[in-house]
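Participant: Residues per chain, in single letters:
Number of protein chains: 4
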Amino acid sequence: MTAVIPMVKMRRATDRPGVAEFVSRCNAFVDEVLLPLERTFLQGSFRAMKPDLDRARRESRARGLWAPWVPAEHGGLGLTLPEYALVSAALGRSPLGHYACNCQAPDVGNMELLMSHGTDDQRARWLAPLVSGAIRSGFSMTEPEFAGSNPVHMETSAVRKGDQYVINGHKWFTSSADGAAFLIVMAVTNPDAKPHQRASQIIVPSDTPGVTRVRNVKTMGEAGDDWASHAEMRYENVSVPIANRIGDEGAGFALAQERLGPGRIHHCMRWIGICERAIELMLRHASRRLLSPGHPLGEKQVVQHWLAECKAEVEAARLLVLHCAQQIHDHGAKEARMHVSLIKFHTAGVLQRVLDKAIQVHGGLGITDDTPLAYWFRHERAARIYDGPDEVHKGQVARAMLKPYGIKAE
Amino acid sequence: MTAVIPMVKMRRATDRPGVAEFVSRCNAFVDEVLLPLERTFLQGSFRAMKPDLDRARRESRARGLWAPWVPAEHGGLGLTLPEYALVSAALGRSPLGHYACNCQAPDVGNMELLMSHGTDDQRARWLAPLVSGAIRSGFSMTEPEFAGSNPVHMETSAVRKGDQYVINGHKWFTSSADGAAFLIVMAVTNPDAKPHQRASQIIVPSDTPGVTRVRNVKTMGEAGDDWASHAEMRYENVSVPIANRIGDEGAGFALAQERLGPGRIHHCMRWIGICERAIELMLRHASRRLLSPGHPLGEKQVVQHWLAECKAEVEAARLLVLHCAQQIHDHGAKEARMHVSLIKFHTAGVLQRVLDKAIQVHGGLGITDDTPLAYWFRHERAARIYDGPDEVHKGQVARAMLKPYGIKAE
Amino acid sequence: MTAVIPMVKMRRATDRPGVAEFVSRCNAFVDEVLLPLERTFLQGSFRAMKPDLDRARRESRARGLWAPWVPAEHGGLGLTLPEYALVSAALGRSPLGHYACNCQAPDVGNMELLMSHGTDDQRARWLAPLVSGAIRSGFSMTEPEFAGSNPVHMETSAVRKGDQYVINGHKWFTSSADGAAFLIVMAVTNPDAKPHQRASQIIVPSDTPGVTRVRNVKTMGEAGDDWASHAEMRYENVSVPIANRIGDEGAGFALAQERLGPGRIHHCMRWIGICERAIELMLRHASRRLLSPGHPLGEKQVVQHWLAECKAEVEAARLLVLHCAQQIHDHGAKEARMHVSLIKFHTAGVLQRVLDKAIQVHGGLGITDDTPLAYWFRHERAARIYDGPDEVHKGQVARAMLKPYGIKAE
Amino acid sequence: MTAVIPMVKMRRATDRPGVAEFVSRCNAFVDEVLLPLERTFLQGSFRAMKPDLDRARRESRARGLWAPWVPAEHGGLGLTLPEYALVSAALGRSPLGHYACNCQAPDVGNMELLMSHGTDDQRARWLAPLVSGAIRSGFSMTEPEFAGSNPVHMETSAVRKGDQYVINGHKWFTSSADGAAFLIVMAVTNPDAKPHQRASQIIVPSDTPGVTRVRNVKTMGEAGDDWASHAEMRYENVSVPIANRIGDEGAGFALAQERLGPGRIHHCMRWIGICERAIELMLRHASRRLLSPGHPLGEKQVVQHWLAECKAEVEAARLLVLHCAQQIHDHGAKEARMHVSLIKFHTAGVLQRVLDKAIQVHGGLGITDDTPLAYWFRHERAARIYDGPDEVHKGQVARAMLKPYGIKAE
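Residue numbers (the working numbering), protein chains in the order written: chain A, 1 to 410; chain B, 1001 to 1410; chain C, 2001 to 2410; chain D, 3001 to 3410.
In silico DSSO-like cross-links for lysine-lysine, where the CA-CA straight-line distance does not exceed 27 Å:
| no. | chain 1 | residue 1 | chain 2 | residue 2 |
| --- | --- | --- | --- | --- |
| 1 | A | K403 | A | K334 |
| 2 | D | K3194 | D | K3408 |
| 3 | D | K3408 | B | K1408 |
| 4 | A | K408 | A | K334 |
| 5 | A | K408 | C | K2408 |
| 6 | B | K1334 | B | K1408 |
Keep in mind the hints are simulated off the structure, nothing from the lab.
Okay, chain A solo, but in the shape it has when bound (with noise of 0.2 Å):
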């Protein structure tokens, strides 16, 4: 048997030449550079404080550190799905980490896309700019009239006229419009196709007549603004040329679909970091806050029996999400797909109760904006339910698990 079985370590990621290092990386550019500009940050308008942004956008370049996700041959670092996860939760300690690097939703997205299905014009035009950070863009995809848990469900549409789509309709969620140089819009172009065939994702310069950012909702409090915004969008007769078509006439909803496994990656490891973030502030306040003379709060046996579960459920988590980028990187993103709804919906419940305990640690502190906990409470309640609602990932887990035994779920 021994001689069956040789004894091979169990390697992880992280022991590979250079990944480590580069992480580690990650995190004194986020320490160093990010963590002084946080208070500004929660305190006031993103728009106000892109100077700040830009010197450390500009700093993380000369770190070696922009745009990590990006494969070399479009002018960034190549990392892997692994790596990057690591990376993702390094920058997700801070919520300017993804910004700063140029790795932020939606753009990291956008890109992705039009790496894999845009043309060579498409790539000149628009992936370039993205790359290089000269420019920004949203991704306007959810109806205020539909449920987003049925993305099929649509009245958007995008009709041909000669060589131009025009384009009617209401949109929400379209995140970062605000300050967009342009708009991946998903409309019907193909109203009589089977469900999933209908819709095309069509790129809109934001300055095109017609449209409109109605408003920049107001979401948890605050409307936001620039990057940190969604806006509610209005499209009245947009014209644009047929060739902004990403990818095929009706394949809207299979690239969305195609997005949003390595996305979910993405978006998990930002929440592992946050996690992560949010034990480190509860440590420190746990230290530092006195019950009573010579009594720190974290000699409370219900505090430390929190850390306990929050160090247990975000290491799992973490180690869940990390076999799952595993799993896209050897079989792709299809074969991974229970995975990923397994890690959609498990991860953003342990965020959100790992943030909730951080909180209770804080006290009245920890409701105010004078750390990130608050944000992040208010921000990642969406976690729950932007990409998918929790219902929605549990129901294709269930559907995969019963599927060997007859059963079609939902």
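Fit chains B, C and D to the known structure of chain A by using the hints.
Facilitator: Relative to the frame of chain A, chains B, C and D by itself:
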């Protein structure tokens, strides 16, 4: 046996003549007058909507709903605590309910204090205009440098100098200080006394020299303004007459404790009202939002189970709070102390779980400020912290339970 | 206003003359007579301890506690439902409480059925000896091949042949069949009627030819015996007079529903009694078990918080059940149907959480049968399943909630 | 960058040649040989089925699965800890798996102890027949009068008298003492030493005069017998040679700690195996049980969500345990101590939640002993207690987390 136990119907508070009808009128007031103001409130500044709110206050007065908790002799409606509890739930269905009927915190607590312990002069000068709604007030106790869970740990001092107190200190979470005519400030007057006998409560007019409102503390995304804010305050050599002290010197904590009994009934029933509204919103959304044509969200088993779970938790919590209100009414807040702690942490937990589910049912809409759910989700996270964090109340309950067994908890 | 709402004290059931004293006597009976029998019960066979139990039954009679829920005209004490609810909690503190006072399931339900729908002959022959304790009975409804959550799904048939029903079928969870003088068997008499009108309830003496008790089903580690058992039964060409049918032909489900309203109050309050005992045991163990010399377990913050959490849940659940008992008393079980479902799943959940914590507090001792905690942990896991699983009751509640909004749940 | 970080695939233990295949063979052994024995095991006595089990043990030997965790030099298969972890999960799918392959507790721990610290004589006399399966052993540490969570709190003493130890004491939870050839007894040999250096581990042949097995303690409804039992023991003037001591005098706790690292991997992976089996049973029942004709239980959204939630928790926990096994393998149990505590409480919690849901899916069937679910629900409630209760492990984790911040937890 049947002779021994005559069939007597268990009476509940709402069986009494007049109460049920009064509560109905409160609900109607909320539905007709306040819900239409909600959107403005959720999107903008409190101060900007003061004209609207003044109109609502006039209407509440006209409908005979003004100051329900204040005894008739001081100009209110004189409801008992169990009666007012039902009213607080009805008004709690809107974030503006208590303000519109002049029973909002912290004013209602300050009124109670002045009614119970104020001198005739203090009542004439401060209580009367509070009851009439001519002025507002603040309550200034918590200090950023000390754990709120141990209120005897405090640095603000009030030193006698002739017939004046000279106050120096640093406070935060001074609720509604922005625009308040006066603040009740907790300060150490007897530094050498036993911990619970060191501090006094002192009336400080807001325009006294040395009183600085440093900022409205941004909490959960909003600094807020006017009544809807929590200020950081500095008191630097603030001089006020000794006659501004409420009650005995050193009685500050005793008075603070006293206010918390009924105050927690007010809060808990307000939370019950929020839960009821959240359930209403869930039911409405679940019946209107279509997942596909003809198939409303409410058909989903998981949504149905959430509704049932919320219902059970809210109904049970309501009865627990009403039972506690009756205990206080019958035996006094001191006797009912364990019950008060019980409802404080239990109801706050129910509230958080109900709001969380209500948001999940609403999907993307739930995280916008287009419904009050996100507002409550953010603001009422503090319910598990203010007026004593969960952990303090659980400790109190355990202490009372273990006492007969000879154990001193904590 | 004060004129409109006179101060009327909220009355509770225990305020009534006689009830509180009667409940005290029940508690004393449990403490003095039953707790000393517990160890024998937990370690051995029910049948072997029958002499002890007969003595306990004589004592309960002597103390005037016999058959509290049976109307005086049928030989009981005639408590109302809210009154009996309090008694059920007191007796529930011991696993032997209800048996000792002859109000144990399934006999108490069978008595109710015979009182409400039995003929004079049926009452003379079966009800009288049940009330006197001379015989026991079983209830035979659930079938192993069908989901208990859908009771109209059933295969046992009763075919008329002259003045006889010939019954064939396979049942399990026929509670207390071992030693029962008769069984009430649910069987399809009208296969062509609407689903809910197909079955009838028929009295089958246990010694009728063709009745086979296949086994006492081993559940959670114990097959049990006598009253403390659940049998698998076969009915093969079992012939009984048509006069043995209770109520109308086809009324089986309607009668089954009817019995469940009060029956669930009995169960829920019994569970509340179990919870109270579990809390007593926790308090005692936490005060006696030393972690190190001079340091009892009860000093641990986590144990304290569990105690407080249990207390809050149990107190709130008790009020919810009592409120439901009052609703049934005032308006009938049908009107109170949603409340009945609410308490069924909610109280069962509270029970499970309390027992789990009580066991954890007891450590190794908690998993032994040296306390009743492990017995309840095992046996009452079924509380979330019998008399309708949680899921069915949640669906019922949701259906009632959604109905005014035009949605049909499930 | 791409040069710096070459794409190296993250390896997992199951990628190695031979391991995956070996684990498959374990699974096949369980399916083919052990599952058919399960019903007998669940319904009756362990001793009565010994012939069946002996056959199963011969089969496991024949299939090359015997003693997988024992090094080749001592007659086993010599798997590494990460490798054995996978095997433990496979065998854990049946309650008989570990016994059938001779890697059951407490023997496996006793073997480890003798391998690491036994003298040649001890190994010849006790280890060899344990490995061959000729005898069984017990482990006697916990005392009923003291809290298991504080193991230095102990009264059993071993006093030197010539070349003998004379042992007196009272123990319980002496696992598998019924039928064991010898017991390893923890007793105080150095009462005046520091608390952790007072006790020694001593081999006591079961037939030594003065050794009394008082009873097999009835736990969760079953006293059990033979291997499947936990005894209460009395040691009265039990005299054994000093040469029976394992390791140094006073090293008892150090050795006990040592055994717990790998021992907890064994348990945790066994629990993962139980979870997998529970999920298999859920899937099978959900697909076969019809709620109405044509509508299997698995169509219910709530059942689907439970499946997904279980899957996520189990997959994440499995990775956490495997990661910990690797840590122990790479750095030793001492270095991995925090990870060991993390998996102990976390996996035990996952296990309990999964079993609870599996039972609920099975309804009435779930509480019978017709499936192994009820057995595990009962027996593995102890998982949160034995080998250190949750609370002790959470405290350990917190201590490690807080240490760098200067706080001493607990």
